[in-house]
Amino acid sequence: MRVKEFLEFVADVKGVRRSEKRKHIEEKLSQCGLWEVRGRLIGKLSKGFRQRVGLAQALLGDPEILVLDEPTSGLDPKQIIEIRNLIQELGKEKTLILSTHILPEVSMVCDRVLIINHGKVIASGTTEELESGLRDRHEILVTIGDNAKKDEAMTLFTGVPGVERVQVLYEKEGQVCLTLGIAKGKDLRSEISRLCVQHDIPLLEMRSSHLSLEEIFMKIVVNEPGQGFK
Amino acid sequence: MRNAFVLARKEFTCFCRSWTGVLVFVIFYILSGAFFSLLVTSYARISMESARQGMQVVEGLGLTRFVFSTLFLNLSVVLFFLVPAMTMRSFAEERKLQTLELLYTYPFSDFEILWGKFLGLVWIFEALFLPTIGYLVIIRWLGGEFDWGPVLTAYLGFWLLGNAFLALGLFVSSLTESQVISAVVTFAFLILFWIMDWVALVTEEPWSTFFKMLSPLGHYREFTLGIVDLSHVVYFIFFHFYFLFLTLRSIETRNWKA
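These protein sequence lines are chains A and B, in that order.
Just so you know, our numbering puts 113 at position 113 of the first sequence, and the rest follows in order with no gaps.
Just so you know, our numbering puts 1032 at position 32 of the second sequence, and the rest follows in order with no gaps.
A couple of the hints might just be wrong.
[Unchecked claim] Calculated lysine-lysine pairs in the DSBU-like style (CA-CA distance at most 30 Å, straight line):
#	chain 1	residue 1	chain 2	residue 2
1	A	186	A	219
2	A	92	A	120
3	B	1096	A	44
4	B	1096	A	14
5	A	219	A	184
6	A	47	A	23
7	B	1096	A	78
8	A	21	A	4
9	A	47	B	1096
10	A	21	A	94
11	A	92	A	4
12	A	14	A	4
13	A	4	A	47
14	A	186	A	150
15	B	1096	A	4
The hints are simulated quantities; they were obtained by calculation from the structure and are not laboratory data.
Could you build the full structure based on these sequences and the hints that come with them?
Now the structure itself:
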């Protein structure tokens, strides 16, 4: 069956009005990037395109909520990016529920995350909310380019109000990476960079560390009492 | 019901565009054309022979009886081969390609799916045999005379027989995800019904009546002779409903298989 014929069939099934049918289908075809392949047989299309046909048929009839189950599984990296962009595009107008095991995808695409374990919702919120609920302090990673100045830097940083702890993460090739534990709710990055400049410490890199969604997921699922394997 | 029509239309167009569909049409027309031309030429020869020998045309050897009754009996045998090919796609192929799940997500009831699929097959079957009306036109054009009555009942009988076979095939197709199994099992069932017709000839009463009543071909033969008995019509209606009902149940099992 050809792409366009299939969409016409679905439009009929979903009761799209005859007068609007053609326009409606053409709109979905171009929205999902299927315009060039509208006359091709679906069976002969690549997996990414077939996935888009699936998405296009789901979009027909303009449902308000779309439930997508693993929309990027089995696609190559380029197709994954295209489908993700499409999903983000759609998310501006519609409610999309995305069920997936690929967590980086969630942090890239989703506004809100629900973690379900053993049929129970055990966490819900934005990625930031989940993260801040999990840890009581915030961390900054600072890399300086001169290990002779390591001790000076450590005493300096410890002296900054709000810094609770300074640790050496690793030293390599003359560079030192420090982690600074900082009280919740403070951002001391500008303070630290100013100190480095004043004391002539070469600052190579500074970033506040985030938990990845994988780490959040593991912490939440493992911490959940009584939810171990049975 | 509108949904059933939408589905039937899709089934019809998909079948006609598939290679299986093209093959079914080509094979049917080649075979029916061969039967028809052979019957017409042999009828012409026989009637010429008898005219030369100064005999009256043998009674009961009318054009209608000789050409059309035989043609329709032969076509019913062709159905044994074509029906499995027509029905194997219905559910088995969709299950294999995993598009059946997709079909279930649309706002169709199970009943509408069943009717859509069945109606699609019936339309295909009608598109297959209705052009044979051209044979009637050819006979008239050649100057032949025939009885309209028996020809019409033969068409009615053929339609009922074909639809009954399709209902059977649809049921078998709904049980498996392999098209080959679907086709082979349907074929085996059809042959079984054919054999029943013979068994009726060699068994004693009351078994012979039992097998005769059970075989669709026995009922169909009466139609080709121009006899429309209510019992035959009722038989075919039951045959349809029996297998369509089983198909409906078979579609519904997905709800409790999960």
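Here is how each hint holds up against the structure:
no.	hint	verdict
1	186(A) to 219(A)	holds, 24 Å
2	92(A) to 120(A)	holds, 28 Å
3	1096(B) to 44(A)	holds, 16 Å
4	1096(B) to 14(A)	holds, 24 Å
5	219(A) to 184(A)	holds, 19 Å
6	47(A) to 23(A)	holds, 26 Å
7	1096(B) to 78(A)	holds, 28 Å
8	21(A) to 4(A)	holds, 11 Å
9	47(A) to 1096(B)	holds, 17 Å
10	21(A) to 94(A)	holds, 20 Å
11	92(A) to 4(A)	holds, 26 Å
12	14(A) to 4(A)	holds, 15 Å
13	4(A) to 47(A)	holds, 17 Å
14	186(A) to 150(A)	holds, 24 Å
15	1096(B) to 4(A)	holds, 22 Å
Going down the numbered hints, you'll see the structure goes against none, and every one checks out.
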